[in-house]
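Asker: Letter by letter, the sequence shown follows residues 0 to 432 of numbering that gives the first Met the number 0.
Mixed in with the good hints there might be a few duds.
[To be verified] Straight-line C-alpha distance at most 25 Å; calculated BS3-like pairs for lysine-lysine:
| no. | residue 1 | residue 2 |
| --- | --- | --- |
| 1 | LYS124 | LYS90 |
| 2 | LYS140 | LYS124 |
| 3 | LYS161 | LYS124 |
| 4 | LYS161 | LYS90 |
| 5 | LYS140 | LYS90 |
Calculated from the structure, these hints are not laboratory results.
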Amino acid sequence: MMIGVIADDFTGATDIAGFLVANGLATTQMIGVPEAGTTVEGDAVVVSLKSRSNPAGEAVADSLAALEWLQSLGCRQIFQKYCSTFDSTAKGNIGPVADALMAAIGTDITVVCPALPINGRSIYKGYLFVGDQLLQESGMKDHPITPMTDSNLMRLMEMQSKGRAGVVTTATVERGVEAVRAEIERLRASGVSYVVLDAVSDAHLDVLGQAVADMALVTGGSGLGAGIARAVATGDTGRIEELARAAAEAGTPLHGPGIVISGSCSVMTNAQVAAYRDLAPVFDVDVERCLADPDAYGAEMAEWALAQPQDGGRPAPLITATAKPEVLRGIQARYGAAASEAVERAFAAAARRLADGGIVRFVVAGGETSGSVTQALAVSGFAIGPQIAPGVPWVRAVDRPLSLALKSGNFGAESFFVDCQPAEIRAVIGGAA
Numbered sequence: 000m001m002i003g004v005i006a007d008d009f010t011g012a013t014d015i016a017g018f019l020v021a022n023g024l025a026t027t028q029m030i031g032v033p034e035a036g037t038t039v040e041g042d043a044v045v046v047s048l049k050s051r052s053n054p055a056g057e058a059v060a061d062s063l064a065a066l067e068w069l070q071s072l073g074c075r076q077i078f079q080k081y082c083s084t085f086d087s088t089a090k091g092n093i094g095p096v097a098d099a100l101m102a103a104i105g106t107d108i109t110v111v112c113p114a115l116p117i118n119g120r121s122i123y124k125g126y127l128f129v130g131d132q133l134l135q136e137s138g139m140k141d142h143p144i145t146p147m148t149d150s151n152l153m154r155l156m157e158m159q160s161k162g163r164a165g166v167v168t169t170a171t172v173e174r175g176v177e178a179v180r181a182e183i184e185r186l187r188a189s190g191v192s193y194v195v196l197d198a199v200s201d202a203h204l205d206v207l208g209q210a211v212a213d214m215a216l217v218t219g220g221s222g223l224g225a226g227i228a229r230a231v232a233t234g235d236t237g238r239i240e241e242l243a244r245a246a247a248e249a250g251t252p253l254h255g256p257g258i259v260i261s262g263s264c265s266v267m268t269n270a271q272v273a274a275y276r277d278l279a280p281v282f283d284v285d286v287e288r289c290l291a292d293p294d295a296y297g298a299e300m301a302e303w304a305l306a307q308p309q310d311g312g313r314p315a316p317l318i319t320a321t322a323k324p325e326v327l328r329g330i331q332a333r334y335g336a337a338a339s340e341a342v343e344r345a346f347a348a349a350a351r352r353l354a355d356g357g358i359v360r361f362v363v364a365g366g367e368t369s370g371s372v373t374q375a376l377a378v379s380g381f382a383i384g385p386q387i388a389p390g391v392p393w394v395r396a397v398d399r400p401l402s403l404a405l406k407s408g409n410f411g412a413e414s415f416f417v418d419c420q421p422a423e424i425r426a427v428i429g430g431a432a
């Protein structure tokens, strides 16, 4: 086993798993920390945690438990995976988890690289950009749980962690692998523990992947994971093609009734919900009903969805709590964090009833929502299938007849929910292939 990944949410886990498979590494995704003695085969394994917004102590404990299991498999590199928008607060959880992993592994340095250029996430001089905007100017400034108000990754790491941070700039990356390695070593000698890596293109990720492929611990997003996969995979075109065929066979979505559940309030998810609203039946979640009795209201959502016909080219129904930033601010001001918690509990109750009622395809938008739904469905792991959009593969549960597409908030095109529908339905409603 070459790479063991500890992902802080379920969408992030499927994100990196899909990129590892696409770049030549046979990969399995596990839901939560497996029991001691559980073994898997392949080149890489991803442990999906729901630790992004937990108290920092819980996130550290869960991550160390995942580390212990991954070490039992003999993983030669540990990858701490977080979102490409560095979703966190001044107190964590990225920094505290990285501190704990470094101490447990016995290393004094690691790298920080959430860049994913294919989805518009780039790093320049240590600043994180979303498209043409600094992170703090993007829609992430309005995130209900982890609003991002600083774009400087060095400052963010030093606020959260015990170590000093430095940067390997684009100019160094463009000088090649050995220049990057030399700069990391220079920064280590100067007392830096966290080295932010600039990356504004996939070519940069290829350089960085080679430069850090032998490090005991790396941290970052799926872009760096793809770069490392390209560096360590055999390069055998036939094997990569075989992996792609195997992934398509193992993860191709099941035929049968589906559901779309959207909890993300990102800019892109708002656009995706708006585009899908004109094509499919929609259930708009009432936050006050969630707060009053989330389990009963979740069951009501599910019964509504199960009553919607899905024959004759009709797309899967949508249950959505997605809201515009100004509406979201009003909900937060009135109810605080309790609103998000109640909505997620209602989604979990709905997911259980939907699966019992025969739904086999779940399309879920939002990291917190994906975690709630996946845990409610009580699956132990996923086979990784073909990508619907960069960072969003289809996955199939290994122990239940369920297919899922777990989407981070800003991933996918506006047509994403349409793109997830079976081909015969896309043909009827005129969606993308």
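Asker: Can you name, in rising order, the numbers of the hints this structure does not satisfy?
Answerer: Violated hints: none at all, because every hint is consistent with the structure.
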